[in-house]
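Participant: Single-letter residue listing:
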Amino acid sequence: MQVRIWIAGALALAACDRAPRAEGPPVRFAHTLAPAEAAALDELIAGRAPAVEATLLPFSRAEAVLGATLASADDCPDLLRIDATWLPALAAAGRVSPPPPALAARAWLPAGRELASWDGRLLAVPMSLDGLVLIRPATAAPPTPWPPADLAQLEAAAAAATTAGRHGLGLRVDGYWLVPFLRGHGVDVADGTRGTLGIDGAGAEAALADLAALFARGVIAPPPAPGAEAEHEAAAFARGELAILISGPWAYPALATAGADGLGGLAIDALPGAPRGAQLLAVPSCARAPERAWELAGELTAPATQAAWSRRLGAVPTTEDGLAAAAPLARATYAALAAARPLPRHPLSAALFDDLSPAVAAVVAGDATPAEALDGVRRAWTRALAAGAR
Amino acid sequence: MRRRSLALRVIGVLTLAALIPTLAIGTLAFARTRADLEREVVRGHLALIRALGAGLDATLQDARRTVEIAAATWADTRVDAAPASELDRRATERLLARLDRDVPVIARVTIVDPTGAPVAGGALPPGVDLGARSFGGYVGDAAFSAEGAHVPLVVQARSRTGALVGVFVAEIDLGFVAEALRGARLGAGATVTVVDGRGTVVASTDRRAAVGTSRKGDVAIDRALGAAAEGHTSRADELAVFRNLASYQSLRGVRWAIVLTQPERDAYAVAAATRRLTLLVAVIALALALAVGAFLAARLTRPLAALATRADAIAHGDTAPTPPIRGPGEVGVLGARIEEMAGRIGERAELQAALARGDRLASVGVMAAQVAHEINNPLTTVLGYAALLAEDKPADHADRAGLELIADEATRMKAIVAGLLGYARAETDGDRAAAVAPGEIGRLVAALLAPAVRKAKASLTVTLDDAPAIAFDGHALQQVLVNLVTNALHAAPGGAITVSWGPLPGGRIALDVCDDGPGVPPAERARVFDPFVTTKPAGVGTGLGLAVVRHLVTRAGAAIAVDDAPAGGARFRLTVATAPVVPPAEAP
Chain A
42 MQVRIWIAGA LALAACDRAP RAEGPPVRFA HTLAPAEAAA LDELIAGRAP AVEATLLPFS
102 RAEAVLGATL ASADDCPDLL RIDATWLPAL AAAGRVSPPP PALAARAWLP AGRELASWDG
162 RLLAVPMSLD GLVLIRPATA APPTPWPPAD LAQLEAAAAA ATTAGRHGLG LRVDGYWLVP
222 FLRGHGVDVA DGTRGTLGID GAGAEAALAD LAALFARGVI APPPAPGAEA EHEAAAFARG
282 ELAILISGPW AYPALATAGA DGLGGLAIDA LPGAPRGAQL LAVPSCARAP ERAWELAGEL
342 TAPATQAAWS RRLGAVPTTE DGLAAAAPLA RATYAALAAA RPLPRHPLSA ALFDDLSPAV
402 AAVVAGDATP AEALDGVRRA WTRALAAGAR
Chain B
8 MRRRSLALRV IGVLTLAALI PTLAIGTLAF ARTRADLERE VVRGHLALIR ALGAGLDATL
68 QDARRTVEIA AATWADTRVD AAPASELDRR ATERLLARLD RDVPVIARVT IVDPTGAPVA
128 GGALPPGVDL GARSFGGYVG DAAFSAEGAH VPLVVQARSR TGALVGVFVA EIDLGFVAEA
188 LRGARLGAGA TVTVVDGRGT VVASTDRRAA VGTSRKGDVA IDRALGAAAE GHTSRADELA
248 VFRNLASYQS LRGVRWAIVL TQPERDAYAV AAATRRLTLL VAVIALALAL AVGAFLAARL
308 TRPLAALATR ADAIAHGDTA PTPPIRGPGE VGVLGARIEE MAGRIGERAE LQAALARGDR
368 LASVGVMAAQ VAHEINNPLT TVLGYAALLA EDKPADHADR AGLELIADEA TRMKAIVAGL
428 LGYARAETDG DRAAAVAPGE IGRLVAALLA PAVRKAKASL TVTLDDAPAI AFDGHALQQV
488 LVNLVTNALH AAPGGAITVS WGPLPGGRIA LDVCDDGPGV PPAERARVFD PFVTTKPAGV
548 GTGLGLAVVR HLVTRAGAAI AVDDAPAGGA RFRLTVATAP VVPPAEAP
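Line by line, the protein sequences are chains A and B. The first sequence begins at 42 in this note's numbering and counts up by one. The second sequence begins at 8 in this note's numbering and counts up by one.
I should point out that these hints are in silico values taken from the structure, not numbers from a laboratory. Mixed in with the good hints, there may be bad ones.
Facing chain B, according to a computed beta carbon distance under 8 angstroms, are these residues of chain A, among others [unchecked claim]:
id : residue
1  : A90
2  : A409
3  : A421
Stretch by stretch, here's where chain B covers chain A in the computed footprint (C-beta under 8 angstroms, at least three residues) [stated by the list, open to error]:
id : stretch
4  : 273-280
5  : 388-402
Please read these numbers as outputs of a predicted model, since none were measured by experiment. Just so you know, even glycine gets a beta-carbon here, dropped at the ideal spot from N, CA and C.
Using the sequences and the accompanying hints, generate a full structural model.
Facilitator: Put into structure tokens, the structure is as follows:
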């Protein structure tokens, strides 16, 4: 009798093992995840059916790579993880498909829904929110005045926090990091939707001069060699050489790894005039299996997954349920980004920094005056606006 | 047969001892050779394609840096791409000519303004992205034409202020890649192929891989274009080692790859040769092991066989000394020990024979004592009546001589009986723990034997007065000395007899009884102490005196021996341990 039971059990197990599983080609997922995020993704998709074939694209070249790939429709991926600034160009060119209604109806946070939309249509689903915030060690006493209400207070606090062997502020020599300074001086980057250059006022030169002066005074830490910015700023932050770091959630894993207290050792505050962004999941029009791709997108943006990633990576959820269950660091970041404003929602916005970043670098290096540098940027943006208008 | 099987077993063991490590090493060599050599082959191939790839990277990097420097120099002070003057236009033309001349891999350089309008060097090649969102420049996808393979190198020309003034588009002639591959020293059957980010062959040493054809779908190519920086695959009897080219990256973000393939037969030719050599060496080693094993077995078992033969002889009673059997190590030791053992067996046999003889002598003694006891009374009667009858007869009576003869013979028979009784007492008396001063006993013996000495016209000199006390019973010592001196009187009538002593090592002394008679022949010395053995004429002595001496001496734990006296004659030496002086009251 017992033998029969065992045999029946074994047959049942075998039958369970042979239960039909979702077959078919793997979902091709092209993403720009950071190493820690990619590791989390690998764990999430391990053993998944259908399988996921993930391809990591370097963030700096991903927009160009995806643009060329989707244009040729050759080796088209099924799912994309893109920066929110890339969506307008892809949407304008008809390269992405809208999510299915069930997914679109998910309780997305307004900030995420806004950045995943173009021309009033939801064309992607937000995976995480980001933007520039102020990061400082949770155990250190905040400088005064704190939190800064505007750029002037931030500069004053950074200057006060600057001591021998410690810089008050850390940021990257990049056009994106200039945005708060531009906004602090009443200007902004070019807005393709309105056809304005944004930097044609005196405030832009003042903002650039302001930034260059902070570098010259040592309030801002000297820029590291290109390509090693993330590791350098994480190490400097861990050593206590930076009182305040201007960065975003993408930097949290490296900062947590370099520091002794992990994610819990980071205190987040709002950066006046900060840009806000998001990372989106989009399905290209040329995708071979869009349904499966949206299914994967739904899993990656499920509230439970977002909460887990918030605890592990500090990623800011884009769903109400995900935010409710998120780690304190993620909620603090979300709160800090509440007052932040997105970059102009236009296909040209992402390309603006191709010209703004070299200008910032030239001024910080002392190769150009703010006026000279901004002249070149204006010319470039004028060309871009004209080309966009055509 | 057993000995032969031993030799065979030794050969077997030695062969096995050689076979096991040979097989183990051989198996290990076989198992490891493939893995080790595969690793080495892959490592060697990787080193080769790293070197090749580094050369290709360096070439492109040099070209890229040169163009970047030229672009930066050209744009440094400019605000606009358009030539400011004829002089400026000619300067730009010279710059392009210099690039074309100094950088051989550059086929053509075109300068366009940020909108793509040509500035110098001709029109913009078709399909070239000017580098928007490419952060400064890139290497494009390869293009193939009848003139060969080319790749665009796009470099943004920004002024010192960071402003984009123009774009340099250099057309790189990929002929240098093919030249580099042709110059590579490849192994037998190996080919090297460079593919661009789309899997299109840029250059190859494989004639079947035409330039411009797609190798997409080839496992090695697909893997090479994947995320891994380098690696290898082994499939369909072909080994493929690949590596990305760091400086080459298509618009799609995929780096070019260099792939080296080689049939496994050629790649592991060394492994096959090594395996064959290993097998040959193993067979030779085994054969040598067998030969050496047979030789060693014969050498080892030969002395063993001799030992067995010798053991058989010993078992059959041949304990006569023979030269020890020689052999290596323990075998030699065993041979020597067997000879020692044979010697001891012989000694034991002799001892057992002596013991048997001793038992027989003891039995004789007991029997003699009983006979003597029974005979002694009748003899006393015979002697008494013979004496009475002889006294009654006048001196000239015819019977008197006969009666005196009867009395004499009876007297001699009583002496014999007394000797037998003395021997029997010596056999049966227990040990008496005693110590005695030899000097006192010597004086007593001299007094006792004085009449016999005078009768024999001999002289007796006893010099034992200063001798130390010895561990000997007094009565026994007296008997011993009486018997020895009497023996000397019989052996050397009219001679000089001395009784003396001398110290010996180990707390012993020697009591010597010497005469100047004919001595004891060496051949007789071993049995002179046996009962009824005598060298004297018939009617002289009973043949029991020295036997009694040996029994008394042996029982006292001393020793008796006979040799030649210093002055000729015989010397009986009693070797005895000294002892504390015995008080006079306890002396016999």
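Participant: Look at each hint and say if it fits the structure.
Facilitator: Consistency of the hints with the structure:
no., hint, verdict
1, A90, "22 angstroms, violated"
2, A409, "4 angstroms, holds"
3, A421, "5 angstroms, holds"
4, 273-280, "violated (count 0)"
5, 388-402, "holds (count 9)"
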